[in-house]
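Build the full structure now, drawing on both the sequences and the hints.
Chains A and B supply the protein sequences, listed in that same order. Take the first sequence: its letter number 13 is residue 1 in the numbering used here, and every next letter is one higher. Take the second sequence: its letter number 77 is residue 65 in the numbering used here, and every next letter is one higher.
A portion of the hints provided could be inaccurate.
Copies of the same chain are indistinguishable here, so a pair counts whether it falls within one copy or spans any two.
PhoX-like cross-link-like pairs, simulated, lysine-lysine; straight-line CA separation at most 20 Å [said to hold, decoys possible]:
1. Lys19 x Lys(-2)
2. Lys(-10) x Lys7
3. Lys(-2) x Lys28
4. Lys7 x Lys19
5. Lys19 x Lys(-10)
6. Lys(-10) x Lys28
7. Lys28 x Lys7
It is worth saying that the hints were derived from the structure and are not from the lab.
The lines below spell out each chain.
There are 2 protein chains.
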Amino acid sequence: MKAHVYVTLKRTVLDAQGKTIAEALGRMAYKGVEDVRQGKYFVLTLAPSLTEEEAQAEVDRIAREVLTNPVIEEYSIRLEP
Amino acid sequence: MKAHVYVTLKRTVLDAQGKTIAEALGRMAYKGVEDVRQGKYFVLTLAPSLTEEEAQAEVDRIAREVLTNPVIEEYSIRLEP
Chain A
-11 MKAHVYVTLK RTVLDAQGKT IAEALGRMAY KGVEDVRQGK YFVLTLAPSL
39 TEEEAQAEVD RIAREVLTNP VIEEYSIRLE P
Chain B
-11 MKAHVYVTLK RTVLDAQGKT IAEALGRMAY KGVEDVRQGK YFVLTLAPSL
39 TEEEAQAEVD RIAREVLTNP VIEEYSIRLE P
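Structure (structure tokens):
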């Protein structure tokens, strides 16, 4: 089983890197992009012995305690059977 | 409309950062994770005037030409109406 974890800055936190990309795209030949937010993306390969519930709980714990800085970031998870 | 772009190292490229995370998780109290790959994640907010086809084409061009290093990385896109 694989788990996809998406970590982004909270909406209220200024994303300087994303802003820079958005401005650069505007100066180049790319139109139609109003805003960019950059985040991190993790693909976890899980042991096949885990049930879906165990996997969900374990990945949630890892995302919350290790992969995310809860002060400025938030995360979402997608399990892929 | 929003577009989500996921950029990861190609499977054939060693992901040192992901390996480090996987080993660290193993040494800590987190079991059941066999492998970790780290990538980048972008959320693009698009101008509402774009049709879905235009958005798909523009985001594909941006992902290919700007957000991804085609030598070592690959990307996937998800459009959100």
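Verification of the supplied hints:
Taking identical chains as interchangeable, the C-alpha atoms of Lys19 and Lys(-2) are never at most 20 Å apart, the minima being 26 Å within one chain and 28 Å between chains. Proximity of Lys(-10) and Lys7 under a CA criterion of 20 Å is satisfied inter-copy only: 16 Å between copies versus 31 Å inside one chain copy. Taking the shortest Cα distances, Lys(-2) and Lys28 sit within 20 Å of each other both inside one copy (13 Å) and across copies (16 Å). Taking the shortest alpha-carbon separations for Lys7 and Lys19, only the intra-copy value of 15 Å comes in at or below 20 Å, while the best inter-copy value is 37 Å.
For a Cα distance limit of 20 Å, the shortest separation of Lys19 from Lys(-10) across copies, 14 Å, qualifies, whereas the shortest one inside one copy, 35 Å, does not. With identical chains, the CA atoms of Lys(-10) and Lys28 are at most 20 Å apart both within one copy (16 Å) and between copies (17 Å). Taking the closest pair of Cα atoms, Lys28 and Lys7 come within 20 Å of each other both inside a single copy (16 Å) and across two copies (16 Å).
The structure fails to meet hint 1 from the earlier list, while all remaining hints are met.
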